[in-house]
Amino acid sequence: RKEVEQDPGPFNVPEGATVAFNCTYSNSASQSFFWYRQDCRKEPKLLMSVYSSGNEDGRFTAQLNRASQYISLLIRDSKLSDSATYLCVGNNDMRFGAGTRLTVKP
Amino acid sequence: DAGITQSPRHKVTETGTPVTLRCHQTENHRYMYWYRQDPGHGLRLIHYSYGVKDTDKGEVSDGYSVSRSKTEDFLLTLESATSSQTSVYFCAISDPIDVSYEQYFGPGTRLTVT
Numbered sequence: 001r002k003e004v005e006q007d008p009g010p011f012n013v014p015e016g017a018t019v020a021f022n023c024t025y026s027n028s029a030s031q032s033f034f035w036y037r038q039d040c041r042k043e044p045k046l047l048m049s050v051y052s053s054g055n056e057d058g059r060f061t062a063q064l065n066r067a068s069q070y071i072s073l074l075i076r077d078s079k080l081s082d083s084a085t086y087l088c089v090g091n092n093d094m095r096f097g098a099g100t101r102l103t104v105k106p
Numbered sequence: 001d002a003g004i005t006q007s008p009r010h011k012v013t014e015t016g017t018p019v020t021l022r023c024h025q026t027e028n029h030r031y032m033y034w035y036r037q038d039p040g041h042g043l044r045l046i047h048y049s050y051g052v053k054d055t056d057k058g059e060v061s062d063g064y065s066v067s068r069s070k071t072e073d074f075l076l077t078l079e080s081a082t083s084s085q086t087s088v089y090f091c092a093i094s095d096p097i098d099v100s101y102e103q104y105f106g107p108g109t110r111l112t113v114t
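Residue numbers (our numbering), protein chains in the order written: chain A, 1 to 106; chain B, 1 to 114.
Bear in mind the hints are in silico, worked out from the structure with no lab data behind them. Be aware that a few hints might be false.
Said to hold, decoys possible - No farther apart than 25 Å at their CA atoms in a straight line, the calculated lysine-lysine pairs in the BS3-like style are these: (1) B:Lys70 with B:Lys53; (2) B:Lys11 with A:Lys42; (3) A:Lys79 with A:Lys45; (4) B:Lys57 with A:Lys45; (5) A:Lys42 with A:Lys105; (6) A:Lys45 with A:Lys105; (7) B:Lys53 with A:Lys79.
Just chain B, with the same shape it has in the complex (with noise of 0.2 Å):
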């Protein structure tokens, strides 16, 4: 298994509070990704990163905000939660190869506001 850490696993928040879920890898892929899923919507991304400090929206990356400071590691931020970002949140990560961009997922972080 690719070697790709979330914190926290779990976690419960109340609206408002500001919330960071950490990714975490240990195979120096260049790619990043946040994304979330929900029933009947599947995966979709929020936010991904190209490289360290170059940081790019998805689709739906409104209330959310990232950093990636070393290749290691990439954080989402909500600044104040809210009920509809009750998800799970999977980090994924890549590194492009000719014309493949695999994409291998960490455990996910499953996070409730209440």
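Bound conformation, chain A alone (with noise of 0.2 Å):
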């Protein structure tokens, strides 16, 4: 098993839709987490971090699920802007999952 899982999608949704992806990992010494965006041919950046209480911000909530090992990411109100693929990680082994595609159409 992949130490950082992640469903590849591709994700297609209609603006507006709300969306969830999940990341489960198996290494637990991870003490946080990290949801990343990368648009095509550009380089990843932070979306949001997520500890043990979880993290909210405006249309987007990460939530950590320790006991089932898993972190998710959910986007209300989907926007067009929002098409990218979506990273994973956790702070203790600097593995990335191979992301989830997500397309937002009109």
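Reassemble the complex: the two chains are provided individually, in unrelated frames, and hints are given to aid placement.
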């Protein structure tokens, strides 16, 4: 089993939809996790950090479920500009998931 | 945006030639990383540094070496490039605060080995 696994997608959703991705991890030593977004042919950019209690920033909510060893990212009211690949990583091992590709369509 | 630059941004080289990629930061962050990104594999850690002259291997370090002689520069060297090293290379930096290791990435170097 890979240390960090993500559903590669693609997730194709209409504008305004709510979409959620999960990222499962096997290294329980990580204390914090991060979601990055990566646009085509660009570098990853930090989207959100998530610690024990989760994190919310506008339309984005990240949750951590230690018992089941996964983190989630919820995007509400999707915008065309949310189209990107979303990567997750834990702080302990620096191993990224392969990413989940999201396309938001008009 | 974090002050991270990579050079060159694009390079085409022939199999068997040495190649050095440079990562430069102006943030004075302690940690620096080199990743490669290939379709279907996501980002994979090659080497990282936790201080000047302190480096360690990542999950795909074979065929690569690194050096860090000063805080702001982290060099990645391919001693004898192979076609399997054709990839996009990203440098990242972080500065651990408590348990946080948020990483900030450079713009990437697209390397093609023919």
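Hints versus structure:
For the hint pairing Lys70 of chain B with Lys53 of chain B, the CA-to-CA distance comes to about 8 Å; that is within 25 Å, so the pair holds. Of the supplied pair hints, the one linking Lys11 of chain B and Lys42 of chain A holds, its CA atoms being roughly 16 Å apart against a limit of 25 Å. The straight-line distance between the Cα atoms of Lys79 of chain A and Lys45 of chain A is roughly 18 Å, inside the 25 Å bound, and the hint therefore holds. For the hint pairing Lys57 of chain B with Lys45 of chain A, the CA-to-CA distance comes to about 24 Å; that is within 25 Å, so the pair holds.
Between Lys42 of chain A and Lys105 of chain A the alpha-carbon distance is near 21 Å, which keeps this suggested pair within the 25 Å criterion. Only pairs whose Cα atoms come within 25 Å are accepted, and Lys45 of chain A paired with Lys105 of chain A is accepted, the gap being roughly 22 Å. Between Lys53 of chain B and Lys79 of chain A the alpha-carbon distance is near 45 Å, which puts this suggested pair outside the 25 Å criterion.
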